[in-house]
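Asks: Based on the provided sequences and hints, a complete structural model is requested.
At position 76 of the sequence shown (counting the first as 1) the number is 77 in the numbering used here, and the numbers step up by one without a gap.
Mixed in with the good hints there might be a few duds.
Claimed, not checked - In silico SDA-like pairs for lysine to any residue, Cα to Cα no more than 25 Å straight-line:
1) K422 with K455
2) K468 with T504
3) K287 with K455
4) K385 with G501
Unchecked claim - Distance windows between CB atoms, simulated:
5) T471 with E502: 20 to 30 Å
6) I75 with D146: 49 to 59 Å
7) K204 with P118: 15 to 25 Å
8) A462 with P405: 25 to 35 Å
Honestly, the hints are just simulated from the structure, not real lab data.
Ideal Cβ placement from N, Cα and C applies to all residues, glycine included.
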Amino acid sequence: MSIENGMSRRNFLSGAAVAGAAIAGMAGLSACSPAASSSKSEAKADTKAAATGEATMGFDGTGAMPWLGEKPEIADADVEETVDADVVVVGLGAAGVPATRAAAEAGAKVVALESSPKLNSVASDMAIFGGETQAKWGRGDGFLDKKMVVNMHMEECSHHVNQSIISTYYDKSGEALDWFVAGSKDLYIAPESYAEIPEASQKNYMFPYMYPVPETYDYTKEDLPCYPTSVGFSSLATVMQDNLQCAIDAGADVRYETKGIELIQDADGTVTGVFAQKTGSEKYIKINAKAVIIATGDYLGNEDMMKFYAPQCVENGVHILSLDMDSAGNYTNIGEGHKMGAWAGAHIEQWHAPVIHHMGGGAGPDGRGVIGNNGYLWLNLRGKRFMNEDIPGQQLENQVELQPERKAYQFFDASWPEQLKYFPAAHGVACIYREEELPEYTASGLRINVRTQKDIDDAVADGRCLKADTIDELLSKIEGIDVDEAKKSIERYNELCKAGEDTDFFKSSQRLFALENGPFYAAECGCALTLGNLGGFDSDDECHVYDNDRKIIKGLYACGAPQGGRFAVQYPISLKGLSCGMCMVYGKIAGENAAAGK
Numbered sequence: 002m003s004i005e006n007g008m009s010r011r012n013f014l015s016g017a018a019v020a021g022a023a024i025a026g027m028a029g030l031s032a033c034s035p036a037a038s039s040s041k042s043e044a045k046a047d048t049k050a051a052a053t054g055e056a057t058m059g060f061d062g063t064g065a066m067p068w069l070g071e072k073p074e075i076a077d078a079d080v081e082e083t084v085d086a087d088v089v090v091v092g093l094g095a096a097g098v099p100a101t102r103a104a105a106e107a108g109a110k111v112v113a114l115e116s117s118p119k120l121n122s123v124a125s126d127m128a129i130f131g132g133e134t135q136a137k138w139g140r141g142d143g144f145l146d147k148k149m150v151v152n153m154h155m156e157e158c159s160h161h162v163n164q165s166i167i168s169t170y171y172d173k174s175g176e177a178l179d180w181f182v183a184g185s186k187d188l189y190i191a192p193e194s195y196a197e198i199p200e201a202s203q204k205n206y207m208f209p210y211m212y213p214v215p216e217t218y219d220y221t222k223e224d225l226p227c228y229p230t231s232v233g234f235s236s237l238a239t240v241m242q243d244n245l246q247c248a249i250d251a252g253a254d255v256r257y258e259t260k261g262i263e264l265i266q267d268a269d270g271t272v273t274g275v276f277a278q279k280t281g282s283e284k285y286i287k288i289n290a291k292a293v294i295i296a297t298g299d300y301l302g303n304e305d306m307m308k309f310y311a312p313q314c315v316e317n318g319v320h321i322l323s324l325d326m327d328s329a330g331n332y333t334n335i336g337e338g339h340k341m342g343a344w345a346g347a348h349i350e351q352w353h354a355p356v357i358h359h360m361g362g363g364a365g366p367d368g369r370g371v372i373g374n375n376g377y378l379w380l381n382l383r384g385k386r387f388m389n390e391d392i393p394g395q396q397l398e399n400q401v402e403l404q405p406e407r408k409a410y411q412f413f414d415a416s417w418p419e420q421l422k423y424f425p426a427a428h429g430v431a432c433i434y435r436e437e438e439l440p441e442y443t444a445s446g447l448r449i450n451v452r453t454q455k456d457i458d459d460a461v462a463d464g465r466c467l468k469a470d471t472i473d474e475l476l477s478k479i480e481g482i483d484v485d486e487a488k489k490s491i492e493r494y495n496e497l498c499k500a501g502e503d504t505d506f507f508k509s510s511q512r513l514f515a516l517e518n519g520p521f522y523a524a525e526c527g528c529a530l531t532l533g534n535l536g537g538f539d540s541d542d543e544c545h546v547y548d549n550d551r552k553i554i555k556g557l558y559a560c561g562a563p564q565g566g567r568f569a570v571q572y573p574i575s576l577k578g579l580s581c582g583m584c585m586v587y588g589k590i591a592g593e594n595a596a597a598g599k
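Replies: Written out as structure tokens, the structure is:
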């Protein structure tokens, strides 16, 4: 498999090698191996800024963006086909598909481009507020307080995001989900999270997460809550394909293995179309249009951009999980849409958010950690406890990256089956114990929160989890740990648990479980995988794109990962499936506005 942009095989993990992990809902997978050696970014002094003027962000100190490269020079003689359209959608993923459908159903003549041989769907969950579909589970309009949700998101992103984008998402996501699921006429809607699914519907159904909510979970009493308002799909790709078919039925011209290369602009900078290119062709397609929507995904597969916007990920040796491939096996999420916009003068926001959600120690091919990212006792190689373990996966990753060898161990004992119900009903957390395995058809997202004894036994047999009858024996199996200090830390932790108060790190008392009932277990926790790096164009809740002077670039829209103002610093954990949900909602908004010229 070839790797684009001189990507280091040491630091970048091929999507095909971890395809099984996508089954886990694409929300996180722990790579429990020592961090790879760091690499440093070398600025390319001869790289030129955008042809339309210097960018104010993404520069290397000289006004140039070292990852951008030269703007293509395309002459009339290079064009082999000319097409006229109202709207061009570049990219057919979780945002591009709804954008294509919305624009086509609004009566626009739409051309949709996708560089790979099929639409790209790598997620399975959406965080949604209200609407008729959610009302089936008692989660209709007003179920969650808007002020609470929006403020939480702003805080998690250090107030570097656009509050109007977050607020509008709250207002419109329920209605958008109703529209989206209506496009898949065979979609079955489950009455509860773990309800039995009719055989005829097991390949295409939607379900609510945590409905009913476990009796022991109250998000209002959590320091870092996960709100029970998310939905999942057994096959989001199927629902997306159905939505794309709606667009085709409405007249959309869908072109696979054809990628956008460069935006076309008139003298005043208005975007009037796009140059595209078929795979294997040296010629171009000129598509004249009234509006162009960039929905090309993130730039996770572009190491130059990762070094620039998320250097800590490269330095920490964090591998990537990328499944977006073209027919030649090259990554398609390499920032091509970001480049198109930058060449046209679009401003790229300053704060980007790596999505690195730790799923706990010893994650298997399905993406689940041995015992989830649960807040049991975690010790580093010094044998020291180093955090309040009762935090979500994104924050867990932040703490693991600070430890010696960027590694820690998660400890639990034989009492785990009765303890799970006290952990939060949140993403990546094992909070449901079952004696029987889940039915084979069960959606992968639902499996994340469930554990059986067989799951633990399989992890031990696979070498993903250590097991011993005594603490001493268990510690002797952990290479490199300071055994004496670890014993002291465990003794101290057990004292705190029995006292019922964590005066060292202030973990919730309901999750203080002493290590005292053998057999004992330990799972290694290294750096997790980066699922995406989210940062895009300065934009608004109408999907307009702004230039360096904060002026709208007429005719240009963005949705999905290229839409800025959604995430910053780190990926929020209060809403499971938020990125994918925003892709769907703002894809719809972008399509409607582009068609209307709004």
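Asks: Run every hint past the structure and note whether it holds.
Replies: Hint check:
Our distance criterion of 25 Å between C-alpha atoms is met by K422 and K455, whose separation comes to about 18 Å. The hinted pair formed by K468 and T504 fails the criterion: a straight-line CA distance of about 29 Å is larger than 25 Å. For the suggested pair K287 and K455, the alpha carbons sit about 57 Å apart, so the restraint of at most 25 Å is broken. At roughly 20 Å between alpha-carbon atoms, K385 and G501 fall within 25 Å of each other, so this suggested pair holds.
Restraint check, T471 to E502: a C-beta distance of roughly 27 Å satisfies the suggested window 20 to 30 Å. Checked against the hint of 49 to 59 Å, the C-beta distance between I75 and D146 comes to roughly 51 Å, which is consistent with it. Range check, K204 to P118: about 22 Å between beta-carbon atoms, so the 15 to 25 Å window is met. The supplied range of 25 to 35 Å is met by A462 and P405, whose beta-carbon atoms lie about 28 Å from each other.
Against the hints set out earlier in the document, violations occur for numbers 2, 3.
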